[in-house]
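Participant: Respectively, the protein sequence lines represent chains X and S. Mapping to my numbering: the first sequence position 308 is 308, numbers consecutive. Mapping to my numbering: the second sequence position 9 is 9, numbers consecutive.
For the record, the hints were derived by calculation from the structure and aren't laboratory data.
The calculated lysine-lysine pairs, modelled on BS3-like cross-linking and capped at a C-alpha distance of 27 angstroms, are:
#, chain 1, residue 1, chain 2, residue 2
1, X, K259, S, K158
2, X, K322, S, K269
3, S, K269, X, K323
4, S, K276, X, K259
5, X, K259, S, K231
6, S, K231, X, K33
7, S, K276, X, K285
8, S, K231, X, K153
9, X, K198, S, K158
10, S, K147, X, K198
11, X, K322, S, K248
12, S, K32, X, K259
13, X, K292, X, K259
14, X, K208, S, K269
15, X, K292, S, K269
16, X, K208, S, K276
17, X, K301, S, K269
18, S, K276, X, K29
19, X, K208, X, K29
20, X, K323, S, K248
21, S, K231, X, K29
22, X, K323, S, K276
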Amino acid sequence: MSEIWVLIDTTADGTIRNITYEVLTAAVKLKEKNSATVAAVFLGESAGSIEGDLGKYGADKVYKIENPALKDFNPSAYATAFSEVIKKHNPDIILGGNTLQNQDFLPRVSALTSGGLVLDAVDVDISASSTLAVKRYRYSGKSISGMTFHDVKPMIATIRPNTFKAAESAGAGEVVQESAEIPAQDNIRILETKLVPKDRPELTEADKIVSGGRGVASTENFELIFNIADSIGAGAGASRAAVDSGFVPYEMQVGQTGKVVAPNLYIAVGISGSVQHYAGMGSSKVIVAINKDPDAPIFQKCDYGICGDLFEVLPALTEEFKKLS
Amino acid sequence: MKIVVLVRQTPDTEAQITANSSGNGIDETGIKWILNPFDEFAVEEAVQIKENTGAEVIILGIGPERALETIRTALAMGGDSAIHIKDENFGDTDSYATAKLIAAKIKAIGDVDLILAGKKWIDEESGQVPIQVAAELNIPQATIATKVDIDEAAKSIKVQSEIEGGQRIIELTFPALVTTERGINEPRYASLPGIMKAKKKPLEEVTVDAINLEELGLTAENLGVAGSRYKVDNIDIPVINRSLNVLKGGNSDMVEAGEVQAAAENLTKLLREEAKII
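Chain S with its partners taken away, still in its complex shape (with noise of 0.2 angstroms):
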């Protein structure tokens, strides 16, 4: 069995994002880049599915320099060769661009039975990439699992995913796509060792300007802005300017117990009269 793994660095869940000087990108001093946290349910997953059938796991990720960092993270969990499809100017590429290029890869890879991913990139705020992957190969999914069964004779996985207002259960038969949701596995940490092996792990490294667009059956129009749908105009960074009316108490910044009520009833007429909004 073969599954590959996407993978996508961004930011810390910690980081402030301020734009750039150019205005539609991100200033990217100082940040602290991790592997995106819902990847690494995907990346686990994978790992204990290797270890409970001996699947190969290839893990793939496009970005900058930056990135391989987060791939290597991802080959010190357990994954065994990595495809890091490097590119500079990855922020001009909108996700139709960037699913089109990920497909026409996989498919180069060959005979891969699963797909997995994170349910949603923290940084874009957005699960579409790999929906738009699975339906550019043509292939079902499931979204936002948590709990997945692998039937490797009969060549099917059953997902259990949330839905509005409850939960299913989806049979797929492969090749698939899944995304994780966080409570499907505890992911584990990249130890000492891993790392070390982790560097030494088949990796090919390619960038978009070198890439054999004939052999994945692309052309320069399918890649950056010209393969892209829309762009990103500006990045502004929302203006925290709230009234910040707190209610302290009379002899200390904390409300005392013989001073609650009021302050309860205060806060009430404060929402229903000037917020209106009970």
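Bound-form chain X, shown alone (with noise of 0.2 angstroms):
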């Protein structure tokens, strides 16, 4: 019987993290169109009794590649051990979350079983020649496109954060333990790894979001635009023009040329709109506004506003936010 995977995604300390659950239940979704087994896979040095929770959402199997060379992430041991077990298997469909490692790896996994590779999709379908159809963004935000599989296996796509909402589902959990031969990977050394604790959620994952743009006019005035944020436990980000004058780092950055992101609430403080910045933040579910600029292009591309000074705003919307907790 054909199979689709899903990518378990871990945190550092081994604790799955939710877009697994999404992606899972995109999975699920394909199942009830195909009649497939919906399995789980997890890459990594030791997966611990995961299959509980990977089974409360829809997980009929999950397959454990164990292995001491997968302790640290190098995309060409992923690739290969992934490749290995796919290659005995053969499952026709592979999901997983959007997240940097998955970028990293899983072009090489397409490249290595000849599949095929989408990143970064919205949708997931069964097309009318029974292959895998996605939606996906392309030009940013700026056009979405159908795409569909020509009949190879596997048919790997990646799945935008925040799309799906996990949805529990039953399913046995049946551990498959598998093994597979990784070659010393002589050509690459990780030399060192530092985790930094961020004080916000990543701007790709974030639930909300508030970002400052020409606007704010300082370094100093950010603080305004965290103060906000942790109010709702919103991520930080900035347009392009601030970035570019030096108020915030590059990391922050949201739009065509920096993170694309689809949270449920973005709020745009002295942003004034453009198609580039739309373009990384077009596909929010609710988009705020806050500028003094009337005619601000913002005002034509948002749910709700607040034509005013943000220096008087800010504050005051802060405060009533944390009325709310």
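Please assemble the complex out of the two chains, which come individually in their own frames, going by the hints.
Facilitator: Following this line, the structure appears as structure tokens:
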């Protein structure tokens, strides 16, 4: 029987990240169309007893590929190990979260298994010809394309975080232990890994984001952005203008040449709303704009807004948000 | 040392995208084309390495006739020579087939130590092709590089990269592939003398139809639609359909100081009760 695989994504301490359950939910949706078996796949040093949680979200099987060589993420080793197990079981479809790690090694898996790969899908379905069909944004948020796989195996796709809402669905969670030969990696050495504890959620996964633009006017004033973000547990972003002005670092940039985000709530503060910024956040569920310019393009692309001075509005709004919790 | 830089031509970031008449490509009317912004960092890094070590820098691009302009931009920034694989039906070829062709061409160039490319193409919103090239060539990769350090004698490169929740430093032995992130350098502008000189630099132009497949170890099955794993069915332009409920002031568009508190309360209520988002 054909299988749909879901890559398990864990944090550094081994906890299963929510994106895994979101992707499992997408897999269960496909299963309802093609009666496949849904299997979650662990790649790493040691999985622990994860099958119970995965079974709750629809995993009929849990493949564990455990190997000391998979302790630190190495794209060559991960791709080699995963491809070997793929060739053994020949799954039709493989889904994973659109995480940096999956973006880094799944292209290698595609080449090693002669499979196809589409990144950052916002919908998945079974096509009329029984292959995988996906929808994804192209030209950042400016267009959305329907794409269909040809008759190839495996058909691999990553799914944008916050796209599917994780839903429980009973699965047996039967454990299948797998092993893979991983040749010594002589040509790639990981010298140093530095995890920087973050005060706020990662932009690409955040449920809510508050971003500041040129109107925020200085590095110091970004404290206002951080304060309101913290009042609702949001990530903090910025427009290209704010980054180019040197207020905040590039890693905070949202837009076509920065991060592409899709939170449930996006609050744009002092951001005019250029084409390239909207391309990076236009698929957010609810967009709120705070800007003193009534003619700012953002006011034609938002759900709610206040036309006012951000230095007056933000402190008042932060206080109101704080009252909610 | 021999470096190949992969370059891609993309629409300008401010370009408005509309679908063409066939519905599965974009209407190119009025589009301003640029060198993919992340590829600029790759070209700049290659040229800086050349300035420090005397490396040879070869620019490699696939795309229709118009992509030559982008390749010339990379030459004007300091590339030594260029290869343009001309493919007017580039849009029908997926990342898998594109990578196979690029990898085969790099193999044919021979003795390439380092391949540089941007971390993603801003049109496809994907960085998968360079990685697929690395896998086809069976060489290691480090992606999203913010700093690189080359050891010529040891034939290796240290790469500082962004990972989930932090950074890491990876050392790769040549041949290797590195993709570049913004911040790794400040790309130079192509100067006027640079642009003049670029026109005289060696340029190999070959159309996909006329390419010597045998020499590249490929067959017609590897190219275009036949070699692709998926196809684009359609392009839709998301319609911006938002409620535009903007709170304004009593006397002017702007909420005045005395009205701010009420506006803040009102917005919070809307987000909580109507949008049910906080």
